[in-house]
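Undergrad: Read off the chains here:
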Amino acid sequence: MKNLIDDGRPIFVQIAERIEDDIIEGGLPEEAQVPSTNQFAAFYKINPATAAKGVNLLVDEGILYKKRGIGMFVAGGARTKVIEKRKEQFFDEYVVTMIREAEKLGITADQLMDMIQRGDNKR
Amino acid sequence: MNRISGVLKLHYRDKWSWIYIPAIILFFSFGVNLTVSFLVSNQEDLYTGGISSVVIYIFVAGIIVVGKTFPFAIGMSIRRIDYFIGSVIIGTISSAFFTSLIFLFAQLEKQTNGWGTRLHFFYFPYVNDGTLLEQFILYMILFLNTFFLGFLISSYARRFGRKGMFLGAMVFLLIGSIVIFLLHHFEVWGSIFSWFASHTAVQIAYWLMPFTLLYLLGSYRMLRRAVI
Amino acid sequence: MKNVIEVKQLNKSYEKFNAIHDTSFALQANKIYGLLGRNGAGKTTLMKMITAQIFPTSGDLKVFGEGPYENANVLSQICFIKESQKYPDHYNILDALDVSKSIFPNWDVNFSRSLIKDFNLPLKRRIKKLSRGMLSAVGIVIGLASRAPLTIFDEPYLGLDAVSRGLFYDRLMEDYVEHPRTVILSTHLIDEVSSLLEHILVMDNGKLIIDQDAEELRGKAFTVTGQASKVEAFLIGKETVHREPFGGLLSATVIHSENGSDQKQATASGLEISPVSLQQLVVHLTSGRSEQKEVNTK
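So the protein sequences, as listed, match chains A, B and C.
Residue 1 is where the first sequence starts when you use UniProt numbering, and the numbers rise one by one after that.
Residue 1 is where the second sequence starts when you use UniProt numbering, and the numbers rise one by one after that.
Residue 1 is where the third sequence starts when you use UniProt numbering, and the numbers rise one by one after that.
Since the hints were made in silico from the structure, they are not lab data.
Glycine residues also receive a C-beta, built at the ideal position from the N, C-alpha and C atoms.
A few of these clues could be false.
[As the list claims (entries may be wrong)] Label-pair ranges, simulated between beta-carbon atoms:
hint : chain 1 : residue 1 : chain 2 : residue 2 : range
1    : C       : Gly-166   : B       : Leu-104   : 55 to 65 Å
2    : B       : Gly-161   : A       : Gly-69    : 54 to 64 Å
3    : C       : Gly-248   : A       : Lys-66    : 29 to 39 Å
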């Protein structure tokens, strides 16, 4: 089993994130077919209804679309959409948190920029 | 109907309890008695009660059957009525089997003049006095009655548990004692014995039938409310 | 969707003891339900009533739209495997399976064979002589291969090691996907099965305290940790299900508020947030009840 399932968060959100990751990383290019909910269920050992909920979340956001009787496919422009969404999340989850923590430790904005530089060099 | 056949299968899986063990008991007892009859002189008839071992066995089989199979049957979502009917059928089949066996050997015993040694194991005066059909019916009723009496006890135990068994035994003893006391008090023993003497074996057996029916009704009533 | 089980104000009381108290709920077709709760919470009693093995003291109970007692329509669709499932003494595994085959209309012979291989069961061995784990495995094989429209497993894994339990969950899910049916899993090992469950029922002291979609429940609570005074300030007006002091720190598990802004509020006041697993949540809800506060709606 993939180390995906974190029991403290809704699983369907995690499934949606998984699919998004795959879209960003190119594993699921546009117009590619997404695994069926049953395949998700079998692979991640989760309830198929939960998997369906995750997939439907992305359908609602226009990232996936349904071809009747065939399955789910990645929509055109899905990658850009997902990346935009992730950037927002990145800002909320990492940048804001980072600035708050920096404040706590008395790190100035300049020092913070410095640190980001150093981090980039270390890569 | 499908479910009743499930119950039959459930019971029939236990061929040892229904067929082999009682058959072994019967023929072992017969073998011992036959050997003894060879060893003693052939001058007089040798009577044995060996056949009662099977009757007792059938009684015990009735007593233990519910405890052995009811929790499994109900656990496998079988209806109580289906369990009851299936068990009645299997008890009847088993009774018929041993009745036929005894009937057959009784005729053989008669033909061979007690296996050449004047042994009476299957064939008795009085008991086997009636027609062939009557002889068959007699044993059939005897087995059914015995089995269903055991089945009633077993169903009662399932329904009311250990406490109920104790209470039931007490009540039974009490009533039994009172009845015996009354019989004694009013000196009716003599007329009871003469009643028995004035009836043939099969006539007496017929008198068991309403009791058998009562046992059946009673067992069903108990099982309907029994839990696991 | 049609309800498979409908229970209204069900009560079961023994002489001096209320095993089930005014319980009402409805289960929908083809979902996997988790029935959770501590030992003695009333889970087994509830399932035994659903399967007409014992009788309710009062209340209304419908299974597949009808009363289950002595009802062939209903009972033929149920397979209930309980921890204490009894088998006749002389039975070997094959006997138990053959009889099950003739009892359950949807029985799949090939599936039962493959399960027997999976669990390495010795067909000819007497059930009486099986280890506890093997005995459990026999129940699991019967429960799965019966493909009963309502399949109930009550703590079916006693004595099974983690590998075999994993096997059970895998086979259950694979077969469920192919042949959807209503499944009730009663278990202590919530962490192991939680991802399989679609809906959660939690019983405590004979009462149903949670009847909720698993996904909703998973996001329902979170834990905040930080300086005791700050945490206390944060907790005002919130439903706290558990608190655990540690030195000058306090760790508290709270239920999410409706608008979902409370996590931001917590990070803003410098508190650390961690997720709460279903297992932790259930443990908190069923053990720390004295600490539970009423929800303070403004």
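Undergrad: Look at each hint and say if it fits the structure.
TA: Right, here's what the structure says about each hint:
no. : hint                                 : verdict
1   : C:Gly-166 with B:Leu-104: 55 to 65 Å : 58 Å, holds
2   : B:Gly-161 with A:Gly-69: 54 to 64 Å  : 59 Å, holds
3   : C:Gly-248 with A:Lys-66: 29 to 39 Å  : 54 Å, violated
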